[in-house]
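Undergrad: Given chain A, put chain P in place with the hints provided.
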Amino acid sequence: MSRDPQDPNVRSVGASSDDELILALRRAVRTDLPSATKMGQLAERLGPMMVTSSAAATPPWRWIGVIALASVFAVGAVSLRRHADDRDVGAPAAQGQASPLQNVGPSGSSLQNPSAADVPPTRDERREVPPPVVSIDSLPTASAVPPRARAVVEPTCAGEIELVERADAALRTGDPRRALELTREHAQRCAEGTLVQERERIAIEALAQLGRTSEVRARARSFEKRFPSSPHVWRIRSLAEREPE
Amino acid sequence: MARGTTSSPDAAALLSLEGPIDVATVFREHGPFVHRVLGRLGVHSADVDDAFQEVFVVVHRRLPDFDPDASVRPWVYGICVRVANRYRRRRGASREVASEEASEPIHPTTPIDSITAKQAREVLNVILDEIDHDKRVVYVLHELEELSIPEVAQSLGCPVPTAYSRLRAARAAVADAIRRYRLREGI
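So the sequences go chain by chain: A and P. Taken in order, the first sequence gives residues 1 to 245; the numbers are from the working numbering. Taken in order, the second sequence gives residues 1001 to 1187; the numbers are from the working numbering.
Okay, chain A solo, but in the shape it has when bound (with noise of 0.2 Å):
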């Protein structure tokens, strides 16, 4: 304390209306923030979510669809620049174009781009192009580049989203029952689903609700064999870890 309560120009506690107190009391909590060293805790915590900050917004199969895809292109644009060298030796190459591979993008306009598009593929000369290098028949077309990273996911397993939604309100309902249940139909109908990790998580707080503690153990260890880079390792663990309460 600061201030002289003694002064009669400060303002105590018990001398100030219901309002000004209110207000002292909203001012006074204005920036009541936690700490760097709080947020460095809890950004450790989020680990898995934070390693990749761009990537982790987007599930990892989608990624490893980009990849193979963009591997594809880059076999094939080197393959397109080789043989645009072999036939034209001597011939300015390119001027002022960057290399395919940096052109090479999600909108897969790499294909469409002038170097790749000076270089006529005709079958004829595809044939002399040594064999190890990809045909460029074999490359996917502008069409089927896949969409957007941030597009919708799409389950590979009819009405899983909205099956998990419903364990999901189940178990915030406070239905632990209804929300195993629904997660054991979950496996059963969608057993490779796009939404397992969500449906172990859930299953799993559902057998913590219910008391299950052998179960919640068994399937928290499980989980995190089978998915350690999980964004919901640390709550699983921690529901494991906190069950014999």
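It is worth saying that the hints were derived from the structure and are not from the lab.
Beta-carbon label-pair distances, calculated as ranges:
1. P:Ala1172 to A:Thr31: 24 to 34 Å
2. P:Tyr1164 to A:Glu181: 40 to 50 Å
3. P:Ala1172 to A:Val10: 23 to 33 Å
4. A:Ser222 to P:Ala1175: 48 to 58 Å
5. P:Asn1085 to A:Glu241: 22 to 32 Å
6. P:Arg1184 to A:Glu241: 36 to 46 Å
7. P:Thr1162 to A:Thr37: 31 to 41 Å
8. P:Pro1108 to A:Ser222: 54 to 64 Å
9. A:Ala158 to P:Ala1117: 45 to 55 Å
On the chain P side, residues computed to face chain A include the following (Cβ under 10 Å):
10. Ala1024
11. Phe1027
12. Pro1032
13. Arg1036
14. Ile1115
If the Cβ cut is set under 8 Å, some of the chain P residues that face chain A in the computed set are:
15. Asp1049
16. Gln1053
17. Glu1054
18. Val1057
19. Pro1108
20. Thr1116
21. Ala1120
22. Arg1121
23. Leu1124
24. Val1174
25. Ala1175
26. Ile1187
Every residue gets a Cβ at the ideal spot worked out from N, C-alpha and C, and that includes glycine.
TA: Below, chain P alone, put in the same frame as chain A:
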């Protein structure tokens, strides 16, 4: 005061964001506020870190569907409200928070401008625990977190007039609660 616009500590940074928003960005811009608001919404202090993590799990899951033209702040606060509700239900009565966190009342001779953040937080928790939860949420989002009423409505998924009427009721409830608190504590 212009609420929830560029006056908020994080809004200016958000307005300058370019490209897709990711979890790390949401964490950086909103993380401290998420942590704070969970406590204010009645999540038990022992659960706040878990609830915080759950908020970001939801953010992570929902981010691919998030409209990049929409405002992040009310969206994140909306998630906080739902996660906080879930944690409160798990803990049972919200009064548990007050009973655990209440401590020494502020001395009546304390200059009003010298109330510490800790004291204010404790008193506010006691007061907020006494009011109806729906009112608490609106009061916290608008009066403490300084969201505009349209943002509050967006967070709660309710019409703007409903948010306004809840705010009026919340202010009256807080006024009653502070009166009772002062009588009880003699301040």
